[in-house]
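Protein sequence lines correspond, in order, to chains G and Y.
Residue numbers for the first sequence follow my numbering, beginning at 1 and rising by one.
Residue numbers for the second sequence follow my numbering, beginning at 1 and rising by one.
What the hints contain is simulated information worked out from the structure, not anything from laboratory work.
Glycine residues also receive a C-beta, built at the ideal position from the N, C-alpha and C atoms.
Honestly, I wouldn't trust all of these hints.
[As the list claims (entries may be wrong)] A few chain G residues that face chain Y, going by a derived Cβ cut-off under 7 Å, partial list only: (1) T123; (2) T128; (3) D144; (4) L147; (5) L151; (6) L161; (7) A169; (8) R175; (9) L176; (10) V179; (11) V183; (12) V186; (13) I190; (14) V191; (15) S194; (16) W198.
[Unchecked claim] Simulated pairs of lysine to aspartate or glutamate, EDC-like, Cα-Cα distance not exceeding 16 Å: (17) K103/G / E224/Y; (18) K103/G / D220/Y; (19) K106/G / E243/G; (20) K13/Y / E79/Y; (21) K172/G / E79/Y; (22) K172/G / E224/Y.
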Amino acid sequence: MSQEQVLEPAEAGGRAAAPPTTAVGVADIPAGGGRSRLLDILAIATVIAILIDLYGALLWAPTEAVMGDVQRIFYFHMPSAWLALGPGFTVVFVCSIMYLVTKDLKYDRIAAASAEIGVMFTTITLVTGPLWARPIWGAYWTWDPRLTTTLVLWFIYVAYLMLRSSSAAGHKRARLSAVFGIVGWVDVPIVFMSIRWWRTIHPLLISGQGMSLDPSMELVLFYSLAAFTLLYVYLLLVRVRQEDMRARIDELRQQILSR
Amino acid sequence: MGFLSQSWAIARKDIIGELRTRETVVSMLLFGFLVILVFNFGIEPGLREENLVKPGVLWAAFIFAGILGLNRSFAAEKENDCLQGLLLCPVDRSVIYLGKFLGNFIFTVLMGLIVFLFFSVLYNVDIVRDILPLGLIVVLAAVGFSAVGTLFSALSVGIKTRDVILSILLFPVMVPVVLAAAKSSGVVLDGRPLGEAGLWLGLMLVYDVIFLTVSLMTFDYVVEE
Chain G
1 MSQEQVLEPA
11 EAGGRAAAPP
21 TTAVGVADIP
31 AGGGRSRLLD
41 ILAIATVIAI
51 LIDLYGALLW
61 APTEAVMGDV
71 QRIFYFHMPS
81 AWLALGPGFT
91 VVFVCSIMYL
101 VTKDLKYDRI
111 AAASAEIGVM
121 FTTITLVTGP
131 LWARPIWGAY
141 WTWDPRLTTT
151 LVLWFIYVAY
161 LMLRSSSAAG
171 HKRARLSAVF
181 GIVGWVDVPI
191 VFMSIRWWRT
201 IHPLLISGQG
211 MSLDPSMELV
221 LFYSLAAFTL
231 LYVYLLLVRV
241 RQEDMRARID
251 ELRQQILSR
Chain Y
1 MGFLSQSWAI
11 ARKDIIGELR
21 TRETVVSMLL
31 FGFLVILVFN
41 FGIEPGLREE
51 NLVKPGVLWA
61 AFIFAGILGL
71 NRSFAAEKEN
81 DCLQGLLLCP
91 VDRSVIYLGK
101 FLGNFIFTVL
111 MGLIVFLFFS
121 VLYNVDIVRD
131 ILPLGLIVVL
141 AAVGFSAVGT
151 LFSALSVGIK
161 TRDVILSILL
171 FPVMVPVVLA
181 AAKSSGVVLD
191 GRPLGEAGLW
201 LGLMLVYDVI
211 FLTVSLMTFD
221 YVVEE
């Protein structure tokens, strides 16, 4: 008997009202299968928001006088950077603490999902930055505090994902990655300060506040920020749901095998 | 027994074990020397006299050699299930952390100072003038390095690829310490007063305090069964 055959009735049960196999541990995991109306609505909203964002950033926003069209990458670069450095990794930190306090694996799954999306957005930041910098600064990379901190941050959270992928799922992995998630987050401001002092003779080449943006550019930028935040929320919910279902399947499999 | 004497008992156990086997410190030292040697071939002879490259070589050697000791720290406890025995000690978990930290700290400082002596001969550094300020830098860096390193060593000990994962976890988190240590030892090697590196020494001190505290708070979760 293959495992799929065994699992099928259980999954079908999950789609119906109450699965007959539901025991103590399974009840708290949301039922897998089926569709989530909230996610569907959010998916449509995100697609529309991103399409409008593309139109705004690539066509509607006026072309920058000095930099030309290459400046448009900024509308994707800045929101990615903000999402990764702001909510992306802060959610990892908060959920790590929440897991250690409550021992609820739900928080571990949220932290993992947020770290994955954070790494993705950090990668987008690190790729779009040099693409813009090459024609504007004349070099792909400078050891500017922001760039260097972002790179170190990327390494810290890739390490977080490596740690997760090299140990088996469960409470032990959740504890270890929570501890690393906390240490990594605490380290980031210190990294930023140290690199800032290291490069103290070099002025910040570009600062968000220092750039006086055209009102329509500003509008596109803030809109882009909102659209990317929506994308982040959607991706986070999808990933957490996937992980919830994976945990549920594992639990069901164990119940069936232990019979 | 008080908190500190309990911790010292664990550190003493590690030191006695090290004196008998001489496994860790000797391999750390050899590796540190090798890093300096290998770097030497990548640097042009004229540049070797410059103080611009010296701190980089010194601290690359320090961090690469240091991680060897951390790899051994909890791996040694894993043999014969010593870790289990250690955790069964009727002491607080933070005592175990502090004990292991003290052991790692002593090995790292020892290694750092000897690597510096070796380095000073090869790179024409005035040992007598620089040993005290550099010793202070080595101590400050070793506290931060061992504080995070002991936590991560315990964290990675149960993982199959523990040596690799320890390096991947530790190096990015150590960036501020390496930076501060390299900058402040650059000041010392230039013959300038240590006071000019006050900012960097302060940064290391803050790092040490923050990560000792965070590690003491979280170590319990790492070894929990």
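Structure versus earlier hints, numbers of those that do not hold, lowest first: 1, 2, 3, 4, 5, 6, 7 and 21
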